[in-house]
Each structure stands twice: as structure tokens, then as C-alpha cells.
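Produce the complete structure using the sequences and hints provided.
Read top to bottom, the protein sequences are chains A, B and C.
Going by the working numbering, the residue at position 772 of the first sequence is 772; the numbering climbs one at a time, nothing skipped.
Going by the working numbering, the residue at position 173 of the second sequence is 1173; the numbering climbs one at a time, nothing skipped.
Going by the working numbering, the residue at position 116 of the third sequence is 2116; the numbering climbs one at a time, nothing skipped.
It is possible that part of the hints are untrue.
Here are the computed distance ranges between Cβ atoms for each label pair [stated by the list, open to error]: (1) D2134(C) to G185(A): 24 to 32 Å; (2) R2151(C) to R1155(B): 48 to 56 Å; (3) R2113(C) to D186(A): 29 to 37 Å.
For lysine-lysine, the following DSBU-like pairs were computed, each having C-alpha atoms within a straight-line distance of at most 30 Å [to be verified]: (4) K85(A) to K54(A); (5) K27(A) to K54(A); (6) K85(A) to K1376(B); (7) K1309(B) to K1049(B); (8) K132(A) to K85(A); (9) K1309(B) to K54(A); (10) K85(A) to K27(A); (11) K1192(B) to K2020(C); (12) K209(A) to K132(A); (13) K1192(B) to K54(A); (14) K1192(B) to K27(A); (15) K1049(B) to K1192(B); (16) K1192(B) to K85(A); (17) K1192(B) to K424(A); (18) K132(A) to K1376(B).
Calculated from the structure, these hints are not laboratory results.
Bear in mind the structure is a predicted one, so any value in this text is a computation, not a measurement.
For every residue, glycine included, the Cβ atom is placed at its ideal position computed from N, Cα and C.
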Amino acid sequence: MATIVVDGRPYEADPARNLLDVCLSHKLDLPYFCWHPAMGSVGACRQCAVKQFKDENDTRGRLVMACMTPAADGARFSIADPEAKAFRASVIEWLMLNHPHDCPVCDEGSECHLQDMTVMTGHNERRFRFPKRSYVNQDLGPFVNHEMNRCIQCYRCVRFYRDYAGGADLDVFGVHDGLYFGRAGDGTLESEYAGNLVEVCPTGVFTDKTLKRHYARKWDLQTAPSICVHCSLGCNVIPGERAGELRRIRNRYNREINGHFLCDRGRYGYEFVNDERRVRRALAPHGPDRSADPLDPNEAIARVAPLLAGRVVGIGSPRASLEANFALQTLVGPDRFFQGISTRDKRLVDTALALLREGPSRAPTLHEVERADAVLVLGEDAPNTAPRLALALRQTAGVVPRQAVAGIPRWHDNAVRELIQDAKTPIYLATPVATRIDDLARRGQHAPPEEIARLGFAVAHALNADAPPVGGLAPEVAALAEEIAGVLRAAERPVVVTGTSCGSEAVLRAAAQVAWACGAGLCCVLPECNSMGLALLGGGSLDDAARALSDGDTLIVLENDLYERTTAADALLARAGHVVVVDHLAHATGARAHTLLPAGTFAESDGTLVNNEGRAQRFFQVFAPSGHSIRESWRWLRDVMNAAGRAEAAGWHALDDVIAALAAARPDLAGVRDAAPSAAWRFAGNKVARLPHRATGRTALHADRSVHEPRAVPDPDAPFNFSMEGAGVELPLPAALVPRFWSPGWNSEQALHRFQEEVEGPLRGGTPGVRLVAPGAGPIPWWRDPPGPFRRREGEWRVVPLHHVFGSDPLSMLSPGVAQRAPAPYVALAPADALGAAVVVTGEGFAATLPVRVLPELTPGTAGLPVGLVGPLPAVVEVKPA
Amino acid sequence: METPLTGRIRADGEVVTLAEYRRAGGYEGLRRALGMTPAEVQAEVKASKLRGRGGAGFPTGIKWSFVPMGPDAPRPKYVVCNADEMEPGTFKDRLLMEGDPHQLVEGMIIAAHAIEASVGYVFLRWAYRTAERRLRRAIAEAYEAGLLGRDILGRGVDFDLHVHVSAGRYICGEETALLNALEGKRANPRAKPPYPQVSGLFGKPTVVNNVETFVNLPHILARGAQWFDGLSTLSADGGTKLYGVSGRARRPGLWELPIGSTAREILYERAGGMRDGYRLRGFLPGGASTDFLTEAHLDMPLDFDTPMKHGSRLGTGTMILLDDRTCPVGMNANLQRFFAQESCGWCTPCREGLPWVSRLLDAMERGDGRPGDLEKLAHHAHFLGPGHTFCALAPGAAEPLQSGLRLFREDFERHIAERRCPYGGSA
Amino acid sequence: MLTPEEIDDIRHAIATLPHKQAAAIEALAIVQRHRRWIDDQALRDVGEHLEMSVAALEGVATFYNHLFRRPVGRHVVRLCDSVTCWMLGGDALRSGLRATLGVDLGETTPDDRFTLLTIPCLGCCDRAPALMIDDDLHTDLTPGALAGLLRRYD
Ligand SMILES: Cc1cc2nc3c(=O)[nH]c(=O)nc-3n(C[C@H](O)[C@H](O)[C@H](O)COP(=O)(O)O)c2cc1C
Ligand code: SF4
Ligand code: FES
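Written out as C-alpha cells, the structure is:
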């Protein structure tokens, strides 16, 4: 630690950091634009100027840019120095010369970093009397709006999009004061991280296009801490609601997971919450046309409760909370609770969980992945199945070359990039088809899952002779395995990335074996947001459910569309005497329900999701839907149990009671209690306000009905109020309770540093979430049965599931922008197998005529089918000319 | 008086060929250098006290000494010749390259040996078509004669030399921006440190020197540091310097003189004084980015240190005259328009401040100056100064602005008061 | 499609550099030399050849003065507009050019013969005012000399 002096006061400083970072870490106000905590310094904007003095006797000093100046021991600075202040005001004045004076109507207003910095520097008088420059804007697709006139040329957008996220279609054009930041022409931004531009841009050039369609100011958005439901990584998010509509998603910093950035599926997938396919009333479909009568909630409960006297089978869901699944499990009993996923998927997830629990390898956080010094990716197409992980891997690529850079601090971004050129951390990728991070790989393999697994087992054997050898390897694969083993052996922080997406348990086992053999972290991507939670809870597959279901039984389906999961849904549903569906969306399963109960989405309910590392994280209700009978799934199930006179749920008044019951029933899951403070948490007797204290127009919103402000809906489940009354966000809230980032003078997401212990450090209230899964302490459970090589069979094509960031997740597909970016159904074939422009694909109840995508890297005898776009995938198909 | 740099250049405008160059003692410096260790070559150049002729006057030997040496140093290392010469009023490197290109080639090989570089680039401005042709020819001749390529002169030294023709931008002359341009990128400057000697072209150790700096090397190596230092007795600096005059002189031109010659000698003895009917009001001593000096400074030695003491710089040594019938506001308006246009757009003060300055000056020239404009200009002259911007382009622009405001204040005031240009100019 | 000559020239440029992308400026200049200017298709083709995105290449192309992303005439007149030429009659030369060619700065004559541009200091201030037509430098000019000069380019 060093000590520096700022305006006469000593401050502790890490000399490896720059002065701007240190000042912000000490919560000193210093304006800046081009610096970004995750992207470092480039010294372009000149906004962070301070005076530096040689020693105590130096009274003149010289201006330096804080972001480009190391916090060296003994260094003396002044932020308050009059010349430094005048210069900073001047920088703002320059930036404002051409900036529109439209803050009151600008959609960035109220969370604009430029606005904040303008106020901070005190620039308030216009002295420029010449015309402003203006630009033509571009159509950048469904997610990001472009308004170039607001640009202050800080270069952050290109630095994020191109340098940080590896995008190729956004850049800076022109020169001098004629710079343009955009695409070479109109068109959709290709990167699946483009949405981060909205937060990276310090003003309103790049804004959220979905928000624009139903715009609200940040100060009018009701927010609560939440978790993304669109993949298994569990990124922390801040959804914002106004007038019963979810308006947008913003990033919620969690150093261990998403840091500053989300993927576009997570940011823009929220629109299903507002979708017209939402189930908003209890319904009792009947008659041949299954027309539905709306039911009063009590009627609905009364309709279902008597059924509990008979045999009831429950089907849970990996996209429902742990609490909802537990409530169903309680209702039907563990033996009649089924996970609502196919046998194949269940085996995969169970295998992943077993590998993490029984073997010695720990699941790394994304933050740890970002610091790995060697990586092997086996089977997982991360950009499509876990996009935030792929973005982390892109940062991993710089780790080893950065270590080799002597004398240049890490934050000196351009200098470090120049020094490392295209050197990369050794990353090896083996996937069925090419991925968008293949450019990171030193070497790799595109092969069928069996072959990927064989490579993995061979690497494990090369690392540790206890791991079994693989017979009959091609010499080049054996050499590759040796090479990978050598790199992993030499690494200090190796990580193996794998997952369920290529549908192969062997791949999972092989990856675990490698991790075990070299002490690597084992990062395992799972299919859905609560796949891990459901696996921990237990229960059989859909096939098991079908076996357990007797004709005439009552079947309760929780937040699940069985038609997405199995081709046998019809048969299953037909055998049930009464089908109860608890869900927020109308879908094919709901259409077969006898009673349909309207559940809250993640935005209208609270609960716990367990991510792929086994971290239980709480999402809190963002808003209370009014005028509908929507309630949390667990509440419906509780009400039904209570109405049926069942004792188990009698004490379930609030979410905490369900969690307590879960902890009592399952001591191994008791950690869920600590995922977030309970509803009883108070600050000075207050709950936390979901609405910012500056929210406007609350009464006007209801003025057509009454000019009196309606009473806030009480919330027994969470330590939050549905109002602006209560504690604000300035105090050091427990991290899991931070509903938004705001601090006086810091209205944009740049307020974050006020919530962190230090810049890029954990939140002041700790890192949210609790790990439920720990590595085993016993002997390494080596798998001794590597698969044989892939052999093509006559007339048979082995299906390789292909995932799409936009398309494979059904919830986000209800966002029009996501749907627009999803591919049309297709089948991918090797060039030798492409029998025509379209082919007929059949097998295991699957039958479709699909256009052919020729993928040169695909092995003949395999066929790629897009997950989520053509229904449940068979394992093997036959392909014939159309 | 000795004129080692220009002595061979032919009066008929034709180029000095390899044969002629060698007849006149060319490549002897290289031969001597190759007989020395890199450390010895560096020591010789250091001893000569040669200072960079690109404008900043940094001692060349010291610049080289920051290059990591020895077997563990990163490789390849690069030598780059800055032949961008886009600063208005500057026209010295053109003559050296058009007239005697082998002298530059030889200088670069010597520098390469001194820092163990194996690849060199001449970064040449686009407009110098003749220089390009002649330089390429000279390089080809040198390859043929075993002076470039592998095992130069049988001494085990390898060096390849290429020409990069700039696609045009004044900022490319800034040495780190130049490196980005050579890498095929946008020519934004880089932060220093790290200096190019440590992390330069493609992240590798690189030395960038000006054309005129390089062409001194063959002579220093051939005839010794002492001889070089003795070329001038007028200054603590050694050697000769190319001095130029443009503007309303009788005979504008370029002359090689001992460094430290005075402006009076250059203007009145070489350039024949002012044209009839014109009086000298001031001059920019070394290109567009130096501060105005006046008659009072005519007898000051134009070396690296003296003009600094009088608030200006030697710069490139090519002076631009301001006569009494030229509007100093208009002249500044022209200069600032250039700087505003050539800003790379990376940092705020330069990108936004210079266009503002340029517009204010244009407005004044049009008769649209307003009270308060001078304060705005003074504000910019101060805040565009050294250390405030990312590179030295904007501080360079601030020099003629701030000295112009000081020396010709009444002209600026009259523009505003009379709402017209008293010289009848319009921007 | 890049022509074989263009590809050959680009290959030579790449050979002097450690990687393809470093030849971006040269490659664009080569294409321009063959076609006068760089149209969108040519930019895409160069990008493909150098394995660079169109956006990255466009970022480079739009930075530099001499890379033309809009069509120019058969001959490009570049008039120096820097300080010494300004002082010694650059404005008169500019008016003369405008009058003779009938086009303003940045424009091309309707017969596609000349495009009129300005250029910063040509490095021949001792012979000001000056201009370049294509690769030729012309110095010590007067407006009266323009017509005769332009006649040499058709
Ligand atoms: C905007 C700008 C333009 C420059 N242009 C040139 C130039 O055209 N030629 C040159 O030699 N140096 C130029 N320089 C100076 C170079 O950055 C560098 O100092 C010089 O090439 C070093 O060579 P030397 O040590 O031999 O003087 C320029 C500097 C700046 C800031
Ligand atoms: S001062 Fe700034 S904007 Fe101007 S040329 Fe230098 S880096 Fe570019
Ligand atoms: S934040 Fe320091 S220069 Fe931009």
C-alpha cells in the first residue's frame, strides 16, 4: 500500500492503480468519461485532470490526467486546485459545444453521466456562438437506438464493442471534429453484447430501443434486485417497471458473475412479461373448443382443492424458483414430484451436479474464469448457451500475455494492447461446430460429442495416469491431447469449461476428468436458470412422470410447457383426469389445462434460483401486478393445500416461511436462507423503497380513477416497499438488496463506485448469493469407460443440438427483437451429406422438412438441429431429399 | 564553411547516384560503423551531441540508449525515418531526400546497427513523389550493392529497409501516431510512456528519427564526433542545420549553415532581406507550431536552447515571415484552420477547442469579431498548452496563437472594434 | 473482385509487414491507384483479402486525406491552402481555379476531368504558391498561368 496526498489529506492507495481509480475508490468526486472501470484508461477525454505537485514546496504543480497517473507512494495531488477546476470546466464546455441542449426531452436525461459531470464541474454558461454540427443516425437493429448528435467522442463504445467484446461491425470513422461512431452502414449490430453500449455510452448516443417504445425516466422506474432467467449463469439484473409494465433490464454489478456487462438475451429478453400471451386470470377451459371462463381466484382454488383428495402428480420446472418447485414437491410428495425435463436432459444435469459434488474440482465464478491462465473448452458453444461466459473467456485471452508485460500497469489499456499484440492465453476449444470464440483458441477440434469426449479423456490420462487411457486415438488427436495436457499442467489457474448443450454425458465426464487430473476449476453450463436448483431438489424425469401417472390422476404442471420437452406430451396429458397448469404464459400445455392458474413472472414474484456454479441467488418482486389475479406459483399451491385442509402449508404466510420449510426438509439446502436477508430486514426500522425518492406522477398515473394516491400494496415477502417510502440506496445496503445504483450527483450507472468497496471490488455489502454445492473430499471418482469413436451408421444421422443465443430460449423469444434475430428452422449438414436445398428429417416422432445449412466443420453422419426452434430434438434422425 | 549534408546535392536538380555518392566518400561512415560494436556507435553519436532535427531537439544518442539491447531484447527492433514533413512552412527533408537519398539510407543503416534493428521504414509523405521515386531507386541500388539485406558488407549485419507512403495527415508526423499509421491503423498518437524505444512498432523496440537527423550520422561516423561538434562555434549544439525562409523575402530558400546562425544572417545574407515595400513584423522561426518572434530577436542564435529562453523554439528551422502588409489575425486564422483540420480527434481540447479558435479567428477576419472573443482565444492559448492535451499537436497550435495575441494585440482589437480586417483581408 | 494486379501489389505490401492487417492503408491506396477511388465493393474486397471487417477498414479509410471514398475526376488538383501560399496569393489561385474549372472545392467538373481539392502545405514554401495535379508539383504560380497548366491534363 502506498500513501498519496490529495488536497492536503493522506489517502491509502494501491500503487498498481491509477489516481482516478483511487479517488473514486475513496468516494472523492472527480469527473471522467473515457476511463471505464472494466476497460481501463486511454487518456482521451482529458476530463479527469488534477494538479500534481513535485513535493510540499511545489506550489505551481502541473496538470495531469488522473486516469493516466499511477498512485505512486508519496505523490501529491489537488482536485480542488483552481486551474485544475477551470480546465475540467473547460473540457465540459468543449464537449458541450455541439451537444444538443435537450436534456429535458432527451431519453438519457436523469441517468446521463454527461449531465452529472456537467453539473459537477459547474459549467453552466454557453459561450459558443457558432452553429452545431449534426449527424445522420443509423438504424442499428431492434435493440440499440442511435443518436449521434449527442456524442462526446469518448471512444468508449468502440473500446467496448471492438476491443473488449470482440465485435467487428462498430467502429469510429472520420477524423478531427468530424468523428462518427457507428456501423459502416445501417444494419443490426451483430454482437450479442451490443446492448451494453447503452450503459457504456456516458450520454444518450446508444439507448435502449425497447425502453424507447414505452419510455419512462429512471427516477420513475420501480426496481428491485433480480436475476436473469435466460440462461444458467445467473447474471444479476435490475428490471425497471412503471404502470404495470416492465420497461427494461439494466446490469446489476456482481463482481463474481456479470461484473458490468450482460448479454442481449438477458437485457432484451424481458418482454414476455408484458406479452399478450400472458395468463392474467385464472381460467377454466372447457367444452370442445376449450373456450375459457375466467375464474375468481377463490373459485379457482375451490376447483382444484378437492382434487388433492385423489392421486396427484406434479411436474416442476427448471425455470421456476426453488420455492415454487418445493411447494409443488410438498403438495404431491417427493415420490410424485417430477422435474419436467426429458430423461436425457435430466441425466445430463444430474451428471453435472454429481461431478461437481463428488469430484475435487470447484466451479469457478466468471470472475475466476476471467483470470484463468489456461482454458480447455469441451463441447460447449458458450456464446450461444452462456453468452456472459464467452465474454469472460474473451478477457481470459489477455491474462497470460498481460502477465508478461513488465513495467506497464494493467490499466494502461492501449499500451498494454500494443505490447501484447495478438498474444493470447492458451485456450483450447473442442466443439461440434464453429463458435464465435474460435478466434480465441490456440488450437481445437470440431467433432461429434463422442470424439470431443475422447479428446478430453486422453488429456486427462496424459495429465494423470490414474485416469484411464483412450484406445485407438488418431495420432493428431493424441498429439493435441498431449499439447493440451502440457499447457494445463504448467498453468497455475487452469479452468475447464463444459456443459450440457451438446447433449453428451461423456463430454461432461471427460471435462471433469481433465479438471480433476490437473486441479482445474470446472465450469459447467446448464440448460436453464434453475436447472441446478431443480437437480438439487430431486425428482424424476418426464418419462418417469408418465410412468407414475395413472389414468384419471390429477396432474399439476408448474411453469412448464411439456410440448417443448417431449414429443409424448399429448399422450401424457390425455391420461390425466384433471390438468392444472400454473404458469404466466399461455402455451400448448396450458391449452390442455382444465384449470389454468396465473403465476407471476420473475418480475412479479420472489424466489431463489441456483446458477451453474451452485450459487443460490434471490430475485425480488419488482412490481405488484394490479387488477389481475396473478400471484406467485408457490402461493397458488399453498392456497390449494390450505383449502384442501393440508397441514404442511398452513404456516406459509410469506416466502421466508417456505424457505424455512425447505431448509427444515432439506438441511443440505438450508443455505438458501442466506442467499439474501429475510423480509424482516430493516434499516432504522424501514424497508427499502423500490421507487426512487424522486419518482413523479404517482397520483397522476391513477388520476382517471382517483386523485388520491392508492395505498401501497403490502409486501410480506421482501424487505422492500412498493413505494418511494423507506430507506434509499445510499447506505451500505446488503448487496443482495441493492435495487439500483444511484448516489447524489451520480445519477447514471457510474454511481456504482459508491457501492463498491473499491473500484472493481465487491459491493460494499458483500457478494450476493450462497454456494450450495461444494466439491467432494473423497477419492477422485474416475470414470473408467471412455466412449468409442464416432462411427457413421448407414441411413442414420446422429443429432447434434445447435444453440442460438437468440432462438433457443423460449421466454426471450417472446421479445420481438429477439425473435427477429433468431434464425429460421433449419438442419445443418456436412457438405457430403447435403442432399439438396431442403431435406426431410425424421426420427423418434420428429418429422420436418427443413432447409439445409451446410457446415464444413460438421462430421458426415451428424445433423445439427437448432434447439428451441423445431420442437424437442430426437437423438438420431434419418435425412432424405425433400 | 562546410556543408556536409547538402554539399553533394547537384545544382541541376538531378539525384546523386550510388556511384557518385560513393565517389564522394559515401558509405564510408557505414563501413566504419560496422567495424564498431553497437555500443561504440551509440557512444560516438552521444559524444557528437547530435540533437534530433524533427523539432524537439532531443539528443539522438540518448534517445537510442533507452532501447533494450543484448540477446534478450525483444525482436525484431525497428528503425523508422520520419519523413512526413507536413508542418506548414517546412521544406527541408524534401531537399535531402530528392537530392541525396543514399545519405539517408546510409544514416538509417548506421542507426539500425547501433540499436541492433533488423527492419526499417521510411514514413514518407504522399506529396513527395519525386523523393519517393528516388528513394526507392536508392534502396534498390543499395540492395544490389550489398548495403542492405543480409550480411551487409560482409559484416554479419542484416537490415531491410522499406518505404511507406503516407495516406496523408499531419498528425502522422507525431512519432507514435506515425507508428500506428505504419501498423495500418488510424493515426492516433499513443500515450508516452511507454516510449517507442521500449514499445514501438508492433509493440517492439523502435527508434524514430527525422530525415535530417539520420543524414548527419554518416558524417559523424566517418569523421568523428569531435569534427561534428566543431562544425559550429556559434552554439553549444554541434553540426550544421538546414535553415529556410518563406514568405515575402527577396530570395526564399534553404541553406545549410552552422547551427546557431542568426535569423538576421539567414534572412538578410541568404534570403536577401525583405522584398521591396515590405517590412518585417515578425517570424515563426521553425514552422507553423512555433511562437512568433520579432525584429528584436534577429540576432539571437537559432539553436535548440536560445529561442526557448525567448519564448519560442527552433522547431524545424524553416522560418515563416510575417510582413507589415499581412494581417497577423488572418495568418493565425490560416494556421489554426490547418491545426483544427489536422487534429486526429482523439482528445477533447484539441478536437473541440481548435475548431472554436479557428471559427473565432475567421469571424474576426470577416468583421464578425465580438467583445469577449479575445478572452476566449487567450483561454484556448492557455488550455491547449503542453500537458493538457494528449500529444503535442494542440500545444503546437497554441504557440503562434498565444504569441500572436501578445505581440499583435492591437491588430486583434482593431478587428473587433472596427468590425473588419484593417488589412482588407477576409478569411 | 480485386484484379490480379491489385492482389499482386497488395501481396508485395504485406510481404514487408508482420501481418496482413498492417497493410490496410497500402492496400486501399493500391486499389485507389488502379481505380481512382475506393468504392464500397472494393472496400469489402480489400477487407476480405486482409481478413478485416468493413467497419475497421472504413475507420482507416476515412481517417486519411488521400484515400477517396467518393469518386474523383481523371485528374485531381490539390491546391495548397497553408500559410505561406495563403500569404503569397493562394486565395487568388483558388478563385482562378474556381473560375477556370467552374467547380468549387471538393467538386468534380461535369466532364469528369478535374476534381478540385485543397491540401496542407506541400513542402515547397520557398516557391509558393503551389499546387499538385496528380503526381506533379507546380510552383511559383499565378492565376494567369492556370489555364495553360490545366490544358496539359485531359
Ligand atoms: C503534430 C506533430 C507533427 C510532427 N511532425 C513531424 C514531422 O513531420 N517530421 C518529423 O521529423 N518530426 C515530426 N514531429 C516530431 C516527432 O514526433 C518526433 O519528435 C521526431 O520525429 C523525432 O525525431 P528526432 O529525434 O530526429 O528529432 C511531429 C510532432 C508532432 C507533435
Ligand atoms: S492533441 Fe489530442 S486530438 Fe490533437 S492531435 Fe494530439 S491526440 Fe489528437
Ligand atoms: S477519464 Fe481520464 S482522460 Fe478520460
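30 Å Cα cutoff - pair K1309(B), K1049(B): Cα-Cα ~20 Å, so holds.
Is the straight-line distance between the alpha-carbon of K1192(B) and that of K424(A) 30 Å or less? Given pair K1192(B), K424(A) holds - Cα atoms ~24 Å apart, limit 30 Å.
K1192(B) and K2020(C) were given as a pair; does the straight-line alpha-carbon distance stay at or below 30 Å? 27 Å, holds
Are the Cα atoms of K1192(B) and K54(A) separated by 30 Å or less? 19 Å, holds
Run the distance test for K85(A) versus K27(A): straight-line Cα separation, threshold 30 Å. 18 Å, holds
Does K85(A) pair with K1376(B) here, judged by a C-alpha cut-off of 30 Å? Holds: K85(A) and K1376(B) sit about 17 Å apart, inside 30 Å.
Measure nothing beyond the straight line between the CA atoms of K132(A) and K85(A); if it is 30 Å or shorter, mark the hint as holding. 25 Å, holds
Holds or violated: the 29 to 37 Å window for the beta-carbon distance between R2113(C) and D186(A)? Hint holds: Cβ distance 34 Å, inside 29 to 37 Å.
Does 24 to 32 Å hold as the CB distance between D2134(C) and G185(A), or does it fail? 31 Å, holds
Checking one constraint from the list: CA of K1049(B) to CA of K1192(B), max 30 Å. Satisfied? Measuring from Cα to Cα gives roughly 24 Å; hence the hint holds.
Hint check: K1192(B) vs K85(A), CA-CA at most 30 Å. Holds or violated? 24 Å, holds
Given the hinted pair K85(A) and K54(A), is their Cα-Cα distance within 30 Å? 19 Å, holds
Violated hints are absent here; each numbered hint is respected by the structure.
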